[in-house]
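2 protein chains.
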Amino acid sequence: MAFPELHTPMRTIMTPGPVEVDPRVLRAMSTPILGQFDPAFTTIMNEVMEMLRLVFQTKNKWAFPIDGTSRSGNEAILCSIIEPGDKVLVPIFGRFGHLLVEICERYGAEVHTIECSWGEVFDPQVVIKEIKKVSPKITAIVHGETSTGCMQPLKEIGVACRELDVLLVVDAVASIGGTDVKVDEWCIDGLIGGTQKCLSVPSGMAPITYNERIEKIIQSRKKVERGIATEEDRQKVLSHRPIISNYFDLSMLQDYWGPRRLNHHTEATSMIYALREGLRLVLEEGLEKRFARHKIHESALVAGVKAMGLTLFGDQENKLPCVTCIGIPEGIDGEAVRGMLLNEFSIEIASSFGPLHGKIWRIGTMGFSCRKENILFVLASLEAVLLRQGFEVNRGEALQAALDVYVGKTEKVGVGRGSI
Amino acid sequence: MAFPELHTPMRTIMTPGPVEVDPRVLRAMSTPILGQFDPAFTTIMNEVMEMLRLVFQTKNKWAFPIDGTSRSGNEAILCSIIEPGDKVLVPIFGRFGHLLVEICERYGAEVHTIECSWGEVFDPQVVIKEIKKVSPKITAIVHGETSTGCMQPLKEIGVACRELDVLLVVDAVASIGGTDVKVDEWCIDGLIGGTQKCLSVPSGMAPITYNERIEKIIQSRKKVERGIATEEDRQKVLSHRPIISNYFDLSMLQDYWGPRRLNHHTEATSMIYALREGLRLVLEEGLEKRFARHKIHESALVAGVKAMGLTLFGDQENKLPCVTCIGIPEGIDGEAVRGMLLNEFSIEIASSFGPLHGKIWRIGTMGFSCRKENILFVLASLEAVLLRQGFEVNRGEALQAALDVYVGKTEKVGVGRGSI
Numbered sequence: 001m002a003f004p005e006l007h008t009p010m011r012t013i014m015t016p017g018p019v020e021v022d023p024r025v026l027r028a029m030s031t032p033i034l035g036q037f038d039p040a041f042t043t044i045m046n047e048v049m050e051m052l053r054l055v056f057q058t059k060n061k062w063a064f065p066i067d068g069t070s071r072s073g074n075e076a077i078l079c080s081i082i083e084p085g086d087k088v089l090v091p092i093f094g095r096f097g098h099l100l101v102e103i104c105e106r107y108g109a110e111v112h113t114i115e116c117s118w119g120e121v122f123d124p125q126v127v128i129k130e131i132k133k134v135s136p137k138i139t140a141i142v143h144g145e146t147s148t149g150c151m152q153p154l155k156e157i158g159v160a161c162r163e164l165d166v167l168l169v170v171d172a173v174a175s176i177g178g179t180d181v182k183v184d185e186w187c188i189d190g191l192i193g194g195t196q197k198c199l200s201v202p203s204g205m206a207p208i209t210y211n212e213r214i215e216k217i218i219q220s221r222k223k224v225e226r227g228i229a230t231e232e233d234r235q236k237v238l239s240h241r242p243i244i245s246n247y248f249d250l251s252m253l254q255d256y257w258g259p260r261r262l263n264h265h266t267e268a269t270s271m272i273y274a275l276r277e278g279l280r281l282v283l284e285e286g287l288e289k290r291f292a293r294h295k296i297h298e299s300a301l302v303a304g305v306k307a308m309g310l311t312l313f314g315d316q317e318n319k320l321p322c323v324t325c326i327g328i329p330e331g332i333d334g335e336a337v338r339g340m341l342l343n344e345f346s347i348e349i350a351s352s353f354g355p356l357h358g359k360i361w362r363i364g365t366m367g368f369s370c371r372k373e374n375i376l377f378v379l380a381s382l383e384a385v386l387l388r389q390g391f392e393v394n395r396g397e398a399l400q401a402a403l404d405v406y407v408g409k410t411e412k413v414g415v416g417r418g419s420i
Numbered sequence: 001m002a003f004p005e006l007h008t009p010m011r012t013i014m015t016p017g018p019v020e021v022d023p024r025v026l027r028a029m030s031t032p033i034l035g036q037f038d039p040a041f042t043t044i045m046n047e048v049m050e051m052l053r054l055v056f057q058t059k060n061k062w063a064f065p066i067d068g069t070s071r072s073g074n075e076a077i078l079c080s081i082i083e084p085g086d087k088v089l090v091p092i093f094g095r096f097g098h099l100l101v102e103i104c105e106r107y108g109a110e111v112h113t114i115e116c117s118w119g120e121v122f123d124p125q126v127v128i129k130e131i132k133k134v135s136p137k138i139t140a141i142v143h144g145e146t147s148t149g150c151m152q153p154l155k156e157i158g159v160a161c162r163e164l165d166v167l168l169v170v171d172a173v174a175s176i177g178g179t180d181v182k183v184d185e186w187c188i189d190g191l192i193g194g195t196q197k198c199l200s201v202p203s204g205m206a207p208i209t210y211n212e213r214i215e216k217i218i219q220s221r222k223k224v225e226r227g228i229a230t231e232e233d234r235q236k237v238l239s240h241r242p243i244i245s246n247y248f249d250l251s252m253l254q255d256y257w258g259p260r261r262l263n264h265h266t267e268a269t270s271m272i273y274a275l276r277e278g279l280r281l282v283l284e285e286g287l288e289k290r291f292a293r294h295k296i297h298e299s300a301l302v303a304g305v306k307a308m309g310l311t312l313f314g315d316q317e318n319k320l321p322c323v324t325c326i327g328i329p330e331g332i333d334g335e336a337v338r339g340m341l342l343n344e345f346s347i348e349i350a351s352s353f354g355p356l357h358g359k360i361w362r363i364g365t366m367g368f369s370c371r372k373e374n375i376l377f378v379l380a381s382l383e384a385v386l387l388r389q390g391f392e393v394n395r396g397e398a399l400q401a402a403l404d405v406y407v408g409k410t411e412k413v414g415v416g417r418g419s420i
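These protein sequences, in sequence, are chains A and B. Per full-length UniProt numbering, the first sequence starts with residue 1, numbered consecutively. Per full-length UniProt numbering, the second sequence starts with residue 1, numbered consecutively.
For the record, the hints were derived by calculation from the structure and aren't laboratory data. The structure presented is a predicted model; accordingly, all values stated were derived computationally and were not measured. The C-beta atom is built at its ideal place from N, Cα and C for all residues, glycine as well. Wrong hints could be hidden among the right ones.
Stated by the list, open to error - Okay, the calculated beta carbon distance ranges per label pair:
(1) B:N394 - A:T230: 34 to 40 Å
(2) A:T230 - B:E156: 58 to 64 Å
(3) A:G331 - B:E185: 53 to 59 Å
(4) A:K289 - B:T8: 24 to 30 Å
(5) A:Q125 - B:P355: 55 to 61 Å
(6) B:T230 - A:S220: 38 to 44 Å
(7) A:Q400 - B:T230: 37 to 43 Å
(8) B:A40 - A:Q400: 31 to 37 Å
(9) B:K59 - A:E5: 23 to 29 Å
(10) A:E288 - B:M10: 36 to 42 Å
(11) B:A336 - A:K289: 48 to 54 Å
(12) A:V126 - B:T230: 25 to 31 Å
(13) A:T230 - B:D404: 25 to 31 Å
Just chain A, with the same shape it has in the complex:
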């Protein structure tokens, strides 16, 4: 049985993640590894923590990745603070709100939900009213819903949670690195970011941050593994309500990422190299410039889509800048369009989940994929494919509209990661 050398097609990846990885990140991953307790490696771990704080816009002591894909970060924070019977409020406005419910329920929380239609977000006052009614220990909410392309305003909710002594946990997997996520200013207690979206790092890590309000709960449930515990550690175990998961036990992860460097797992070396390089790219570009870049490309894409004669899906006032949802026109087979884009143009765009499956396409403009040539190529290709599938678009208008945006917004039109 022979397995050939890895040989992959080149794709233009315009989904809401995973997106194209910056070549500098790919290169960083091919660096020979170091041992996990090598001082040269623990220095890198500390640098990653420092860079994460800057990207999360926080002064939190704890900011490090969980070694798993994005949802592992959700589970790590939630399972470390939820004890059976704890009340959790989850406002749901798309698929990933359901995921939060699912995780909380599995760990024994009494989950209260409010829902709004997919494609809308909550008026913060509605959420705050519900918080007052339910008095939960935790409110868990998604920031950017990739399933619907909507972004929930959080600041008012955060301030209210702090006043009411409710913990606010936010899934910012899709938004981090692509638009403002102000952990401290918005009074977010625990937050999960994603790597494979606006950070343009491969999937496989979930950077998280949490503050001392969450740390206090974690410390009260702290445990040191028997195989490595000292006598002192054993005597300190007062808790009869340990965190259920060993892998996601933040009290142990803290001891690994903190100065004690107590062995837990073996840190995923090459992924740390990737994350470090991805964060460096964000900081080199600068948060404000990076967010502005995402906005400009979003504008060009939106202008092109509209000019073509297609309609956007969802509340445009609360649009997630890095995800654009497009209604699939009547009579058009959405999957046939996606298939032709992939097979003829080597472009990937996404469908959606649940109630939106078959109704919308989703185009991501995230991180390194969020480049002018990609926007123009996806518009040109979508036009051609729609014509081929029998949908009469406004021929030639999409690219003109997109170019108008670019010409209006910048003089320098280059190719490259920071370029617009």
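With chain A fixed as given, assemble chain B onto it according to the hints.
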């Protein structure tokens, strides 16, 4: 705040993991990524499953990686089959037996343990007697204990478990790819391998396999996430005892790795590329040849260590071929020796945990690190450092003894991954 380009020292990594990554694996990781449902990517996923079956020596349908470090594989299998109150027997002969206990207890198992001294393994009959006494649902045991360098014979235990209708779950993180692990022949129901040890792939994935006995339990607890469930899925949820972890829920992971391709997490693309290349290297070398290579380098290392005048630790009859434990001589500061090896020679060897901390050094001979030049370099360096630290070794003997092994075992003395 400026973060410089990643710049790491080159190390000779002779710990029991993580070990040096094969350059072909590093290169595979720098391949541009694909979307997770791109047919080109799902083909790669299927290839990885097929290669894993060969390395695990199994015909099991299910063989895929968990996206997390090694212990995530332990947790995934155990949490997917343990329900509160289930009896689990864990025979402990080192640190990682304690880890199995810890995971099982957290998920509510009634854990029974037997222990033997660190540095020994169990007479299989002792374990079988205990199984008969306890009548557990599951026996969970480590195959190769990296903390003590011992390897537990499993076949008799496996056959007995099958006869007694007990599930056997094995942690083969340290042994897979370095010595025989015969999942089917040894009647192992669920098994966890590691990437960063004898496979020479970076840490961050945990390849697992399990058979239909385990699948049956998983299927009875099956759940489809609300955000993506169809009406049919919803009606099928009969279970009131779902798996607690969402991330490690094998019933959902099966639906992602199987033909349904139901979205769970976003597969860690670059790590899959790495694992694929690591497995290709194992299969190209051939299991028998690879295991023989590990044995020869072990022999050379052991001969050198003995010739130097040092003593080996632990039951040599049941030695893990890829980990050699050495007693730290009286009056010598083990950490000072390790520090000097790292700082002067850029070589990393390991200490150990718990009762063995400060008493032994552990030298790994795993995967790509398991090369002649590495063995010779570590012996030469250890000799020099010990002399410097005031321990009078038999000068010059170690390398002569190691070379004798190599000259006796092979004519061709090359440098390279498959070479001895």
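Of the numbered hints stated previously, which ones are contradicted by the structure, given in increasing order?
Structure breaks hints 2, 13.
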